[in-house]
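**Q** Based on the provided sequences and hints, a complete structural model is requested.
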Amino acid sequence: MKNYLVVQHTYSEFLGLVESQLEKRDIGFSYFRPFVGQALPGSAAQFDGIWLLGGAWPLTDREHVPQLDDELNLIRIFQKAQRPVVGIGMGGQMVAVAAGGAPEAEPMHTARFVTARMTGAGKGDPLAEEMDGRRLLVMYNGDVTLPRGVEPILEDEDGHWLAVRPDPLTYGMLFRPEMKPGMIEDIIMEAKHNPAPHIGELLAEVRMEWAQMQETTALVLKALVTALSLMQERRKMPVFNLKVESR
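Counting from 1, one number per residue, gives the positions in the sequence shown under the working numbering.
Since the hints were made in silico from the structure, they are not lab data. There could be a bad hint or two in this list.
Unchecked claim - Using C-beta positions, here's what the derived DEER-type ranges look like: (1) ARG76 <-> GLU19: 25 to 31 Å; (2) GLU205 <-> ARG76: 32 to 38 Å; (3) GLU190 <-> HIS160: 22 to 28 Å; (4) PRO181 <-> ASP158: 34 to 40 Å; (5) SER30 <-> ASN73: 15 to 21 Å; (6) ARG76 <-> GLU190: 26 to 32 Å; (7) TYR11 <-> THR115: 28 to 34 Å; (8) PRO181 <-> GLY42: 32 to 38 Å; (9) ASP26 <-> GLN214: 16 to 22 Å.
The C-beta atom is built at its ideal place from N, Cα and C for all residues, glycine as well.
**A** Below is the structure:
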């Protein structure tokens with residue numbers, strides 16, 4: 001069975017709306033939560049790919065993101081193993097940093113709807129072509145300056161990057177196809193989260209955009225399945241059950 005590693009960074013931010021899209025395609029997933037002290041795998045051998053989810057702090061904040069180096073190393077392990085890598089929100093920023101980008105502390109909060117524009121580098125890319133012209137929810141903290149040689153495939157109306165594809169099996173996205181109104185409610189209630197000051201107004205807008213957001217998520221998964229062959233089960237190492245017998 002296909003099984004994807006999912007790295008979760010807060011209680012409130014999980015695969016959300018993406019879960020049902022994966023389940024429809026018989027794609028399984030296993031959550032790892034470094035923010036509660038759970039160790040990350042040191043290998044890609046048991047997984048078909050990796051998803052890195054959103055978070056609450058800039059990547060420059062090592063007090064709140066102490067596992068950054070481990071996650072960057074894990075991204076590179078999956079890339080070397082030729083497994084799909086998908087980062088969203090903070091996870092998308094990690095993908096950009098793993099490609100050589102520079103993390104920045106400001107602005108502390110970016111949380112709003114933007115209109116996606118496909119760039120020249122995005123022509124022919126399934127995700128860029130599906131998202132071109134759509135209103136997308138972005139939620140992230142801090143920023144990442146892209147390295148020379150990594151061109152965005154999507155930008156917002158102000159020219160800020162929304163998505164990159166640093167190699168054929170890797171995507172980093174600042175927009176949030178997994179987000180649901182209930183998840184934003186949980187973000188507001190989560191004690192150690194760091195929500196944007198206007199999160200209440202954003203929640204009201206998300207509720208108004210809900211039908212369009214569900215359609216966007218379906219299109220994102222359709223594009224990722226095509227671009228990354230998510231339906232393909234990768235060869236995984238066998239798991240041995242060692243039984244010690246007394247003689």
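**Q** Is the gap between the beta carbons of GLU190 and HIS160 within 22 to 28 Å?
**A** holds (27 Å)
**Q** Between ASP26 and GLN214, is the Cβ distance one that fits in 16 to 22 Å?
**A** Once the Cβ atoms are compared, 20 Å apart, the range 16 to 22 Å for GLN214 and ASP26 holds.
**Q** For the pair PRO181 and GLY42, does the Cβ-Cβ distance stay inside 32 to 38 Å?
**A** holds (37 Å)
**Q** Using the beta carbons of GLU205 and ARG76, state whether their distance is inside 32 to 38 Å or not.
**A** Holds - the Cβ-Cβ distance for GLU205 and ARG76, about 37 Å, lies within 32 to 38 Å.
**Q** Using the Cβ atoms, figure out if TYR11 sits within 28 to 34 Å of THR115.
**A** holds (31 Å)
**Q** A range of 25 to 31 Å was offered for this pair. Does it hold for the Cβ distance of ARG76 and GLU19?
**A** Cβ of ARG76 to Cβ of GLU19: about 26 Å, so the range 25 to 31 Å holds.
**Q** I want to verify a distance hint. Is the separation of the beta carbons of ARG76 and GLU190 within 26 to 32 Å?
**A** holds (30 Å)
**Q** Honestly, do PRO181 and ASP158 meet the 34 to 40 Å range at C-beta?
**A** violated (26 Å)
**Q** Look at the Cβ atoms of SER30 and ASN73 and judge whether their distance stays inside 15 to 21 Å.
**A** holds (19 Å)
Violated hint: 4 only; the structure is consistent with all others.
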